[in-house]
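Participant: First to last, the protein sequences are chains L and H.
Mapping to numbering that gives the first Met the number 0: the first sequence position 65 is 64, numbers consecutive.
Mapping to numbering that gives the first Met the number 0: the second sequence position 121 is 120, numbers consecutive.
Because the hints were derived from the structure by calculation, they are not lab data.
Please note: incorrect hints may appear among the correct ones.
A short list of chain H residues far from chain L (calculated; beta carbon distances all over 12 angstroms) [unchecked claim]: (1) GLU76; (2) PRO177; (3) ALA230.
Taking beta-carbon pairs under 10 angstroms as the criterion, some of the chain H residues facing chain L (in silico) [stated by the list, open to error]: (4) THR25; (5) PHE104; (6) LEU113; (7) THR114; (8) ASN174; (9) VAL234.
Glycine included, each C-beta is placed from N, C-alpha and C at the ideal position.
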Amino acid sequence: MISIRWRKVIRDLWLNRARTILIILTIAVGVFAVGAIAATQIILQRDLPRQYNAIDPAHVVFTTTLFEDEMVKSVASLDGVAAVEGRRNLPVRLLIDPANNVWRDLFIFVITDFEDQQVYKIGHERGDWPPAKGALVMERGSLTYLGLQEGQAITIKTPQGKQRSLQITGIGHDLYHMPAFLEGTVYAYVTSDTLDWLGQEPGYNELYVRVTGDVKDTGWMRAITDEISDYLEGAGHTVYYTYRPEAESYPLDYISDTVVLLLTMLGALILLLGAFLVINTITALITQQTRQIGVIKAVGGRTSQVAGMYLGMVALLGITASLLALPFSMIGADALIRFVGELLNFDLSLGTFPPQAILLQLAIGILLPVLVALPVILGGARRPPAQALSEYGASQVWKGMLWMDALLRRLPALTRPALLALRNPFRRRSRLIFSLVMLALAGGSFITVLNLRASLLQTVDNMLAFWQYDFWVDLSRPYMVERLQQEAARVPGVEGLEGWGLEATRRVRPDGSESNNIFLFGVPPDSPYVLPTLMSGRWLEPGDTNAVVVGVGLINAEPDLALEDEIVFKINGDEETFRIVGVIEMLGNQTVGYTVYAPYDYYTRLAHKAHRADIAIVRSQPTATPGEKRIIAAALEDQFDQSGVGVRSVMQMQDERLEINAAFGIIVVLLMVMVTLLAFVGGLGLMGTMSLNVIERAREIGVIRAFGGSNAAVFRIVTLEGIMIGGISWLFSLLLALPLTSWFCNVIGLSFLDMPLAYVFSPTGALLWLALVILLAMLSSALPAINAVRLTVREVLSYE
Amino acid sequence: MFKSNRSTIPTTTPDALIDIHGVTKTYQSDAGPCQALKGIDLHVRESEFVAVVGKSGSGKSTLINMITGIDRPTGGELWVVNAPVHTLNEGQLAVWRGRAVGVVFQFFQLLPTLTAIENVMLPMDLSGSFRNGERHKRALQLLEEVEIADQADKLPANLSGGQQQRVAIARALANDPPLIVADEPTGNLDSRTAEAVIALFERLVQKGKTVLMVTHDPDLARRATRLVRIADGLVIEDSAIDQVA
Ligand SMILES: Nc1ncnc2c1ncn2[C@@H]1O[C@H](COP(=O)(O)OP(=O)(O)O)[C@@H](O)[C@H]1O
Ligand SMILES: [Mg+2]
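Taking the hints into account, I'd like the entire structure generated from these sequences.
Facilitator: Structure below.
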């Protein structure tokens, strides 16, 4: 038989079902969020690197002139080399719209032995492996991105302009390259037979090397890279680029890291809110039961017994909530993990729920509520019974209320009930402060998350605004700009063309080491085709010589650099010194590469290609639809083809836009999940706080009615009061959202883009929260009021 | 310390159940200090039925709270049921009160979410008296004594005021304390019900309990064996009452 004390605890919970459910839900949402987030983090941090490492990623990649198997073997035998693989990277054009003759890039990799890959292993999903001659394996992300089916035939155009049709007979999985939807680049794999069938010279142009020893030791990595470079060059090959991916990271970690960071912030916010809500509810409960506590002590209850009862109650609620939340957090974690996995082209799922996450959940679900409720409960339990039972003090009011009264009396238009409603919330100062803090926190985070979303979108817009052109054509060698412009003038729909220089270069650091690849654009300083968003310094000006403007990503990757510093680039084999005159907002990281901009004239003279262009920057007629822009680009490509201008690829800025949006989309989707959860928890908090306010004043409502107040008057008072508290909390939310948004913009921006996001305070979040607050405040005040008016005056006054 | 039976604890005046000397109480309020008790001496022996009377605000409740240890005196000494109440800390007070004093309030103060019988069992549960299995039986007996056993499983909200006060008295008797202290126990009851409550107290006194009761009603006060009148924080009259029964 359970003791009388526990019977009381359980019956109190049962008889106050609405409140009980509210607390359980609040704790459960917190436990759910924390569990799902912790499990997601654990799995992501475990499986992303694990799966990536399983493909045996290269430590160094060399891009060179064509070499043979012999070379691969001899590099493999060098000291310090663990594994080597040579591949041929063959960029071709893929026909995607035969009716309008529209092409896009396709990278075909030649794999010598599909069954025995050494480095950057491509996984076999299904179908033929290896593919037959004339057939290809398509990367799975690329396949869905292109909307193609296994078994379909595709038409490609080789660099020599020959068209061939190949059948997709197998599907592969490539974790090394960026997922197609993020970069817009698509990949396929063939055998050497097919390379030959495509009319290409045999040989590899990419060498992937895994080394022995400590890959985090930059000195060692530099030495082995140089050694292999020298070896290749000694054998007569030119090494165009070497690329060393950051050790122990994978290409998309900037996205997954940001996801994890956002989730952590979300978890922390929900916990904070939940803790406040628990404190608030328990405080109300203890206040409400003050007299009962006094009675229990008067009949021989010790402080420890009283505290034990209420702590036990909280623990019971916590256990129930945790048990309730556990299965949901598993479902949530699985969904979240799959979502991230799909976006990043990884095969991720929950598997077994990590035990650490369960422990964390139990700690958060049971210990945390008990801990936060402890001071309140001890305070209530320690209260001398005389105080608890005394009629004195019950009608004590906060001094602030008198001040409020004076203020309110100046508003003549207020009716008596309105006056009551407006001053009521000020009676209990600590309750009011708690309610406001809790509501402001919920609202502040809600508004912040929507601001963050607006900031992200604004940042994308700023970055995208840079490109005031529609597409650019990557030429097979530098051509005279004048000639390009003449050809372009013949293509209807082309409004203008500008010739730019482009070189994949690297920075030579003061210590002689080299950075990863940097794309240096030679841009006419007064070009109307760009609209940079400057973070510091200035854009290029006519008359500039060795000036460069750099994307912010580079400054972060090379932290010794700053505005006005000198920077040395390898241009055409020579080291050339530039001066940084400006920093612009531009997505840049080791995965997508860094960008810098130098004056066209100065750069082309250095590179010995004056008046020539590596890429053609093209703007189509402003009225052209996205579809028409593609067709115009295809027509220009055709025109260039026919006049003997070699085209390597055409880059549509609208695609670039989609890709950047896609990467941001992940973050935005997560933010919306955050908003929903926050609105839910915040809504619960709001309802709890409001209804507690009304329940606590059941007695007062009885008095109002005893003095002839109608039910309608009671309703007016409580709903007005709810709206009043909601409104005040909303103002605080706005204030709180100001610093919070700026903090989030910094943290998320730095994690994702290496720069703070553009600060946007969007009215959407503020207005949505206002609507939500008013609606919920009215509802949650009116519902308990219905109960209150149902009580007879005697019931209300005789006991609490 | 005060768990076991009272005869083992030495007292100053062995036959006195309540023995208080020069008790004062000063409340600190926003309006300044307020001296509610100005030096009370009171000696009550076993089996006395004491009625405390006086105007509203004279200090009756304050005195009662001193005796039950619900509040602490500002000065003076209180020996109640063999314990130096003025020296005990909150924890000791609770343990002592659970065994030594049964408290009855004006507004009954039953716990609203416990049934009548559970309310009666609560003090036993808190002080760990009687074996678990016995508590229910004993509570039922007590309810029978106050003639409300048929309502044992009802929640207080479903009982009338008089019924609630009977349950409250049964609860005060739960741990078989020698002293029952009641602050205006009939203040909220109609005269017939009040009469029944007093009759109950009389029966308890006959059985050897000591009852100290505050009341406004002179007729009810006359039913006690002794009358203590308080005015302005002082005892102004203390007299035996001739029972004209
Ligand atoms: N908690 C308190 N704080 C301040 N003053 C109090 C308190 N309790 C009682 N008093 C004051 O002490 C005096 C005696 O009160 P009380 O003992 O309740 O009187 P009675 O029970 O005889 O009506 C009164 O003047 C009352 O205002
Ligand atoms: Mg009184």
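Participant: Does each hint hold? Answer for all of them.
Facilitator: Each hint tested on the structure:
no.	hint	result
1	GLU76	holds (19 angstroms)
2	PRO177	holds (14 angstroms)
3	ALA230	holds (21 angstroms)
4	THR25	violated (14 angstroms)
5	PHE104	holds (8 angstroms)
6	LEU113	holds (5 angstroms)
7	THR114	holds (9 angstroms)
8	ASN174	holds (7 angstroms)
9	VAL234	violated (21 angstroms)
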